[in-house]
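Trainee: Those protein sequence lines, which keep their order, are chains V and W. The first sequence begins at 1 in UniProt numbering and counts up one residue at a time. The second sequence begins at 1 in UniProt numbering and counts up one residue at a time.
Note that these hints are calculated values from the structure, not bench results. Every value quoted in this text rests on a predicted model; they were computed, and no experiment measured them. Check before you lean on any hint, since a few could be wrong.
Claimed, not checked - Think about it this way: if two alpha-carbon atoms lie no more than 25 angstroms apart in a straight line, the pair counts; the simulated BS3-like pairs of lysine-lysine are:
#, chain 1, residue 1, chain 2, residue 2
1, W, Lys266, V, Lys139
2, V, Lys43, V, Lys110
3, V, Lys394, V, Lys308
4, W, Lys266, V, Lys237
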Amino acid sequence: MNTELNTFRHQIREFIEQHADDEILEAGRKTTSFFPPFDQVMKWHRILHSQGWSAIRWPEEYGGTGWDVPRQLIFEEECRRAGVPLLLPQSISMVGPAIIHYGTDEQKRKHLPGILSGENFWAQGYSEPNAGSDLASLKCRAERDGDHYVINGSKTWTTYAHHANRLFLLVRTGGAGKPQQGISFFLIEDLTDPGIEIRPIIGLDGVPEQCDVFFTNVRVPVDCCLGEENDGWSVAKYLLEHERGGGTSFATTFRHELATIRRLAGRTGDGFGGFLADDPVFQDRYVRLHLEVDTLEATEEVFAAMEKGSPESGPMSSMIKITSMETIQRITELAIDVAGTPSLALQLAALTVASGVEPIGDDDAVTLMPKYLNNRAASIFGGSNEIQRNIIAKTLLR
Amino acid sequence: MSTLSQETRSMLEDSVNRFVQGEYTFDDRKRNLKEHQGQSPSHWQTFAEMGWLAIPFAEEQGGLGGDNTDTLGVMKGFGRGLVTEPYLGVLAAARLLALAEAKGEGAELLAGIISGARQAVFACEEPQSRGNPLAVATRAEPDGSGYRLSGEKIAVMHSLTASHVLVSARSEGDYTDHGGIDLFLVELDSPGVDVTGYPMIDGHQGANMRFDGVAVSAAQRLTDEGEAATIILQVHSESLLMLAAEAVGIMETLVKKTVAYTRTRKQFGVALAEFQVLQHRMAEMYIETTSLANLLTQTAHRWTGADVHQQAILASKLKARLGQAARYVGQQAIQLHGGIGMTDELDIGHYFKRLTSIELQLGNAEWHRKRLWREHAA
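When you get a sec, could you build the whole thing from the sequences and use the hints?
Mentor: Put into structure tokens, the structure is as follows:
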């Protein structure tokens, strides 16, 4: 078995080495959030697709790999090791599984191939200016008009909408009842409609990642509805589990971050003539975080084997969301504490792929502050960590 | 010791409040960053006219005759307004010139800084020093009647219009030794000085400086040979005290703004402020902020009359405590604002970024805790 896995690992490594070009690797190095530079990550997506590896966790019949969990982990380890960007989650890990679970044959035939190939990139239209953690209070409306719906309203925090050519959307189609009722899940195929306006939002790190999206009388065909009309909340919940539980192994990625910090600490002075890596305070923080990551990995393994949508999987996905996001926040905190004042330089040009601008200071340190700033959102997005704790408490007290 | 009258102190406080509220709104600040890289000459002129540049200097030098603690009201106001002008960095250079009782060029420069006409900066931190002002690897090698300076300084609190830099360099002694450190006054356009300036995440300007065999005369050395450590330590402590006041101004603002936001923002049909988990978070933000403000007040009372060594300990305690408090308050302000707190458009994220800079500047909390332990152990 071990030899089989070793051979498998070797194949993956060889493929990545042969196919990940300099630009893709540069994008990997310059990734400062969960969302790598768009053009390069999609280029890598298409390369992986040529090998049938763009959606490794999907069922084989839909274009997945059929790999077991150890193989999935090996694949991710090798990707991290080589430093290629992680594929964007919205298409592959979010709307893809929802279409597989809830889609009609026609919807699967229409949408899954473009997701697999990377021809289409889907953005997520969930939050609204007044519906964040309280997602069910959303107001964006779709009125039925013959064979069409007419959409009016707005969405916000729509990551990479300015790069997307597809959008999945929660809209209100019904009236009375609980706020969760009367919501539908739409698959929007045409973002060039003049009634759709997409405005990028500049974040703390100085770059646009999220967007506001406005809809004015946007007509979409009725068959864009995924699942039953007015039952979009079930689809949304199913998808949120995938989002919160993570389509990929966070643990593998986080270890990579820790390794960078350790390297940096090994060559950074402690101000008293020694190096930070020899400082017991650094060592304790580092080992604590390593243990958090190891524990997260254990939970991720349990979750990966769990049936999604089961009574246990909901709270478990909330637990993964809380622990993974708070761990990466603490990792990025350690990172800026190690990097110190050199991380205060604003280096947007040096962080742009193919800019040719050399970073000021240590190569390893240039991404650390943007990561720290960007990851402040990790305890907010996908349902704030306060909401996740409410979900767990509700289950405990039921 | 401060000789400022109560009247002068109130006048200073009023003037900074008027400035921040009237001329340094968030929109003004944005424009200042765009048009002047955060360093407007007309603002600097206002600083001079209001007497803020003159506070901690003797009257015979053109100063107001106050001491360092008299600048704390200005710094708190600058915290509230997120002022990006290089007040702290330029004042540090001026304090060094004053403490060194600089003659000739140095004295003229000091008078120019106090009047607002000129600027200088202080290059102290090095790639491996982590803010320890005595960890000096930059060398001053004797060369004829003068010296040659070689080494690298980083994270200089920079002014785009500074003409001079004050540089610490070592002519003898081991790394971190108190003895053997000199302080030189160097023109920024001297041969062999290479300045890499950059904007920082908080809108301030920073610079790294490389000194490659820069020739300086003995007259450019501001203190007796190898004797600069004492005034460098003193100014390092003073800058830390001022940073703490700025941090308190920011944190008090964040508490106020966060409380106001959670009262108006509704989710699940009620104001966010109704949720106990968030109430406790805000109570904690208040405790951290008020504790730091109280520690600052106590430190200021003990400051005047304390010797250099005692001031260094007071400053380290303050900065170590600040690091913890500022991080909590800044992070929670964003968390309680949610997504909107992550945007460039709202001021909250900018307060957070300035706090983050303050946490790391002049030695972070861990470095100061370690310094305090070494003092205890000694």
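Trainee: Now tell me if each hint is right for this structure.
Mentor: Here's how the hints hold up against the structure:
This hinted pair checks out: lysine 266 (chain W) and lysine 139 (chain V) have alpha carbons roughly 14 angstroms apart, not beyond 25 angstroms. About 22 angstroms separates the Cα atoms of lysine 43 (chain V) and lysine 110 (chain V), which keeps this hinted pair within 25 angstroms; it holds. This hinted pair checks out: lysine 394 (chain V) and lysine 308 (chain V) have alpha carbons roughly 19 angstroms apart, not beyond 25 angstroms. Taking the CA atoms of lysine 266 (chain W) and lysine 237 (chain V), the gap is near 22 angstroms; set against the 25 angstroms cutoff, the hint holds.
Comparing the model with each numbered hint stated earlier shows that all of them hold.
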